[in-house]
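Turn these sequences into a full structure, and let the hints steer you where they fit.
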Amino acid sequence: MTAFPGQDEAAGPGLAPRDDRLLPPEPTVRGIARELYRGVRDLPLVSPHGHIEAADLAANVRLPDPATLLISRDHYVTRLLHSQGVPLEALAVGPSDPHDRRATPQPREIWRRLAANWHALRGMPSRFWLEQTLETVFGIRTPLSPGTCDSIYDELDDCLGREDFLPQALFDRFGLEVMVTTDSALDLLEHHRAIAERPWPGRVLPGFRPDDVADAGRPAWRTAVERLGEIASENVGTYAGYIRALENRRQFFASHGATSTDHGHPSASAELLDEGEAERLYARLLARAGDLADAERFRAHMLMQFARMSCEDGLVMQLHPGAMRGHDRPMTARFGTDIGADIPTATEYAHSLRPLLERHGHDPRFRLIVFTLDEATYSRELAPMAGYYPALLLGPPWWFHDSPEGLRRFRAWTLESAGFFNTVGFTDDARSLPSIPARHDVARRVDCGFLAGLVAERRLTLEDAHETAIDLAYRLPKLAYRL
Amino acid sequence: MTAFPGQDEAAGPGLAPRDDRLLPPEPTVRGIARELYRGVRDLPLVSPHGHIEAADLAANVRLPDPATLLISRDHYVTRLLHSQGVPLEALAVGPSDPHDRRATPQPREIWRRLAANWHALRGMPSRFWLEQTLETVFGIRTPLSPGTCDSIYDELDDCLGREDFLPQALFDRFGLEVMVTTDSALDLLEHHRAIAERPWPGRVLPGFRPDDVADAGRPAWRTAVERLGEIASENVGTYAGYIRALENRRQFFASHGATSTDHGHPSASAELLDEGEAERLYARLLARAGDLADAERFRAHMLMQFARMSCEDGLVMQLHPGAMRGHDRPMTARFGTDIGADIPTATEYAHSLRPLLERHGHDPRFRLIVFTLDEATYSRELAPMAGYYPALLLGPPWWFHDSPEGLRRFRAWTLESAGFFNTVGFTDDARSLPSIPARHDVARRVDCGFLAGLVAERRLTLEDAHETAIDLAYRLPKLAYRL
Amino acid sequence: MTAFPGQDEAAGPGLAPRDDRLLPPEPTVRGIARELYRGVRDLPLVSPHGHIEAADLAANVRLPDPATLLISRDHYVTRLLHSQGVPLEALAVGPSDPHDRRATPQPREIWRRLAANWHALRGMPSRFWLEQTLETVFGIRTPLSPGTCDSIYDELDDCLGREDFLPQALFDRFGLEVMVTTDSALDLLEHHRAIAERPWPGRVLPGFRPDDVADAGRPAWRTAVERLGEIASENVGTYAGYIRALENRRQFFASHGATSTDHGHPSASAELLDEGEAERLYARLLARAGDLADAERFRAHMLMQFARMSCEDGLVMQLHPGAMRGHDRPMTARFGTDIGADIPTATEYAHSLRPLLERHGHDPRFRLIVFTLDEATYSRELAPMAGYYPALLLGPPWWFHDSPEGLRRFRAWTLESAGFFNTVGFTDDARSLPSIPARHDVARRVDCGFLAGLVAERRLTLEDAHETAIDLAYRLPKLAYRL
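Protein chains in written order, with the numbering used here: chain F, 14 to 496; chain L, 14 to 496; chain Z, 14 to 496.
Calculated directly from the structure, the hints in this document are not laboratory data. Since the model is a prediction, treat every value here as computed from it, not as a measurement. Among these hints, one or two may not hold up.
One copy or any two copies: either way a pair holds, since identical chains are not told apart in the list.
[As the list claims (entries may be wrong)] No farther apart than 20 Å at their CA atoms in a straight line, the calculated lysine to any residue pairs in the SDA-like style are these:
hint	residue 1	residue 2
1	491	154
2	491	248
3	491	327
4	491	34
5	491	422
6	491	98
7	491	132
8	491	63
9	491	224
10	491	299
11	491	151
12	491	178
13	491	97
14	491	188
15	491	117
16	491	190
17	491	269
18	491	289
19	491	358
Next comes the structure, spelled out in structure tokens:
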């Protein structure tokens, strides 16, 4: 972290040496944590869920300018700047509006906005990730400030123009063993195919995310379903054809290396309708005669269908429920859905997932990885369920809770009922390629610190802690996602 | 804990000595905690709520084999093994099915299943309790592993065949001052009577748990009510007779030493119906003409009745709400209700308990001890209510949350609004006799660690911390349960 | 704290020196915390929200006796004594009942009740505040006990009779830069005017709390609305007149220095009715023909109205939702609303505040400070919303959660999504003048301890931590409340 001038490798008074970042401050525990961390620091990165574009890795051309790459595309950062009064238009967020005559802000201006509001990110994970990324990926150790931001911008821009900062070079440098992207069910996966067919050995697999064709509550659902029918050569005018088309697309993804699907529903509701009911509901929705409750029932039914398909084709199922998308409707209408205006809501799991788990929760072919934005459910519903159903695993802290504090809460609130082995280790959910190592590093440090606490309390042997640290950082994500 | 070879009494590098298990790692705080712990370590055990069978203590014959005793009967353990893919039938869980031709697994095979999955329990309270039990009760210091499990099994089996491992000998060795069992309202308490009449001085008291006769939502309710009428010699065909029969059974329990009742309802709802309404509802339910809502209203009404009876007969009332029993209906149908498939749900207390607390919450004869599986209610509803109503006390972390982390959360989230003296100290809720000391020891260590933190922050004097540690470990449970 | 005899300035074995109260025990972290605390300890106090009476400061006569001042008027203390079985009538709680013949208890007797139950407050914030207040404000270092309580009472009583314990002298001694009171919309602010007109330079500003005239669910609403019409010289028989009257009162408050309003609603619901609907609803409620749902809709509509007014007149809007007032109806009817029987309930923010934030959340003139009694909403709804909407700021832990543990949870659960700069620093919410310094001191110590942890984990430079400590203790409340 560049923010500790004069204390680069040695500890200043009361400060940890650089390499002890995020490790527990108590010297004995820190000593154990340091030892555990040494055992996982350089393990390959496994990234089974994230938001990097395969196109960028296939094309392997220069990444965008520093501001677009590290600010405008990262809604974690833009939302916080916005909360401090920076207008969204000043951050080049969302698709540019052809009818909007205002000039798009210059990237350097956006970067200056970040520097001017840098204090507002003090202590936040976004700032920590950025500082680590600037230092470890770009070699920049000057602290960011209004006075230094221009020279840092230039330095970043220079780096990004170099060959060793092209996407594939970064991928290799980071030690990424495998990366799974998040792709629409309608994606033809040409970028993934291009990567696979070229000599570059990087393993970039598609992830099947069918929300656009499965969530009838979305305005563009009907259009997406029509396109689904075309791509899959099925008559999606009937429910049976629609289901076959989805199965067909899953096969297509699997044949391109996919091992998992992902489902981002407003709730975790799962409910199997009988065939006739499903047909009628589908027809009604297709005819635009359904209401909000119909859309919710159809999503619940489709969750059951996707679980059934997972049993059959072996694709691991991920569920990311509980976000209210586009809380701020006027701004979403103007700037799009990626402005950081999604807000978590209370989420119910015990009743909602019961039909799904009763039916498929014991099937050895099935695996369901559940994430949550409602931390009250960690110890109340999710860990107890994961500690019983063989098919159920817990995803790591997600989105708002992917922070040192959030990672610690997750461990402390799930360990007692789910243990470590009903969780999947870390998934970075990253939005920019350069930020990936920082995210994994934070998780590895925090998990090692947590394990060190168990050792210091004599609840775990040092040897078991070593093994567990490797499990969490490397083995469990590979196992859980069948990678 | 046997898992620290070569570090038995001295600390290895970075590891606490054995006697410092679970104490805070910071040396100053640990020193205070150690001193506090010395003051409570050897206090007698008070066990006002648990699931040991009085029959075992009355018969005083050899306990079952190690696997049945420590695995099959403990759903905390079987559920976790099941989550790792071990079939329930391989764990001899639940009643054996006469129509099921498959052989019951051999106890040694079950024990080997535990050893094979021992890593999956790393850091979990069940493993910690087991390790402590093996060491402190059975003197086994070899770490459990697939290579050692057979010899450990043999050693355990040998111990269990010895006189000093008979139930009464263990009871005495553990320093159990009093133990309260959990008994059906239909229990004739012959085992409790047998214990009381024999020369062995162990104090084993019945606990009145009337769910089978009070919860009209249970399939066997009607049969249980009929049996209630027979035992109590009352006409349970009428509501008035039913109430008299329950009062009669409470008297019977009280005359056998009971000081408390326990109620395990799906929700905490309490609502007093007027006499005529209660009569009609009871008649409808008895005629099997009621629905789910009727059953819930009847439970809510009966909670009010039981509170009223507690005011009259002085039995302390416990409430354990919020578990969804048998979340996995197909497996519950096959293997019974004790397979670890109960899942906590969000639980409301402020509105639900209002009628009960308004009516009886100031009555000096009344005492209500509330437990929860929804930790979000600790600081939001339960501690604020317990910090106002004289009759309301908080039970310790229950079930899924009876862990070092859970015990710490309970203290940290209830102290500010309820203090220590509106809680009841520790109740072990144990499912096997040999595990009782380990459970109390964990609670004593964690509470001493928590108190030591307050002393180190100068929020409590050392002297007050000493007194409070004794209160939590010994005095408060006796006071709260009128033992 | 008087409770550490013989360890006044030096640390006893394992105990922190007095000045390290509440700082983290680990020596390195404590060293950093101590340094940060030195930078904020003596900063002026900014008190933008509390419950001190302006009348007391205007009159500047002797404060009441020690028991009335520190016990009877503080429902945090009386509720806890009541939970231990002390009858409310023995604590002189609430308005005296002219029909109640029982003598009001003597203050000294009330004080003795506190001493007799002092153990029950061990570790609780109320005891800590009281101990700090006795020592730092009154110079009393003898620990409170049944044996010492009479002499301590006498000493307190003597102090309170001295000139340097008159309200204005205390205000000056405490370094209060500004204090905002909480006043009914019907208040004529004569005491505030009197203070402003006199030579004493103390800055005591009114706070506009219109619940009595805006919450149609209150029994006295209609009477209050009539009075509102008189004071504002508006025809409150019409909705338009009612709105004008409120705007008029806000202007009046603003002209007396008010910079903020406060709204204590059962829920956070906000919903804008159209003009005609609002008129009809108002008329129905005024005619006493409305029901509970009408009252809730009217509150939701008025929240939108108050937000709109805030945009226009610049008064900062506070929202304190989620308390179930008077949980114990019988006792509330007998002793009034200030007996400590309010209980928090689960509170929803994401849906409830959506209409308000969509409409006004980006308006630079608008500022909404939200408090909560449902800590599950910190990381789930509130911090994510505050990290997006420019107008939304988070108030500090409120009421039941204004404790060392509660303050730490607030920081640990909001930092990741809201940072420090979407919170408003500390507001004391105090109920007695002498307790104000203790409350601020606790918050300053806890925040410095939290920041020190970030420094020790190398997530924040020492310099940034220093600045942030000053922000939280002093700059942010002034900025947020426009003081």
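Each hint tested on the structure:
When the C-alpha separation of residue 491 and residue 154 is checked against a cutoff of 20 Å, the pair qualifies neither within a copy, at 34 Å, nor between copies, at 34 Å. In this homomeric assembly, residue 491 and residue 248 never come within 20 Å of each other (Cα to Cα): the closest approach is 37 Å inside a single copy and 64 Å across copies. With identical chains, the CA atoms of residue 491 and residue 327 are at most 20 Å apart within one copy only, with a shortest distance of 15 Å there and 55 Å across copies. Taking CA atoms no more than 20 Å apart as the test, residue 491 paired with residue 34 passes in neither setting, with 26 Å inside one copy and 33 Å between copies.
Taking identical chains as interchangeable, the C-alpha atoms of residue 491 and residue 422 are never at most 20 Å apart, the minima being 23 Å within one chain and 33 Å between chains. For a Cα distance limit of 20 Å, the shortest separation of residue 491 from residue 98 across copies, 18 Å, qualifies, whereas the shortest one inside one copy, 42 Å, does not. Taking identical chains as interchangeable, the C-alpha atoms of residue 491 and residue 132 lie at most 20 Å apart only when they sit on different chains, with a minimum of 18 Å there against 38 Å within one chain. With identical chains, the CA atoms of residue 491 and residue 63 are at most 20 Å apart within one copy only, with a shortest distance of 15 Å there and 41 Å across copies.
For the homomeric pair residue 491 and residue 224, neither the shortest alpha-carbon distance inside one copy (25 Å) nor that between copies (46 Å) is at most 20 Å. For the identical chains of this complex, residue 491 and residue 299 are neighbours neither inside a copy (39 Å) nor across copies (56 Å), given an alpha-carbon limit of 20 Å. Proximity of residue 491 and residue 151 under a CA criterion of 20 Å is satisfied in neither setting, with 29 Å inside one chain copy and 39 Å between copies. Proximity of residue 491 and residue 178 under a CA criterion of 20 Å is satisfied in neither setting, with 27 Å inside one chain copy and 46 Å between copies.
In this assembly of identical chains, the alpha carbons of residue 491 and residue 97 lie at most 20 Å apart only when taken from different copies (16 Å versus 40 Å within one copy). In this assembly of identical chains, the alpha carbons of residue 491 and residue 188 lie at most 20 Å apart only when taken from the same copy (15 Å versus 49 Å across copies). When the C-alpha separation of residue 491 and residue 117 is checked against a cutoff of 20 Å, the pair qualifies neither within a copy, at 42 Å, nor between copies, at 35 Å. Proximity of residue 491 and residue 190 under a CA criterion of 20 Å is satisfied intra-copy only: 10 Å inside one chain copy versus 51 Å between copies.
Taking identical chains as interchangeable, the C-alpha atoms of residue 491 and residue 269 lie at most 20 Å apart only when both belong to the same chain, with a minimum of 18 Å there against 58 Å between chains. Taking the closest pair of Cα atoms, residue 491 and residue 289 never come within 20 Å of each other, the shortest separation being 39 Å inside a single copy and 61 Å across copies. When the C-alpha separation of residue 491 and residue 358 is checked against a cutoff of 20 Å, the pair qualifies neither within a copy, at 30 Å, nor between copies, at 31 Å.
Violation of the numbered hints given earlier is confined to hints 1, 2, 4, 5, 9, 10, 11, 12, 15, 18, 19; the remaining hints are satisfied by the structure.
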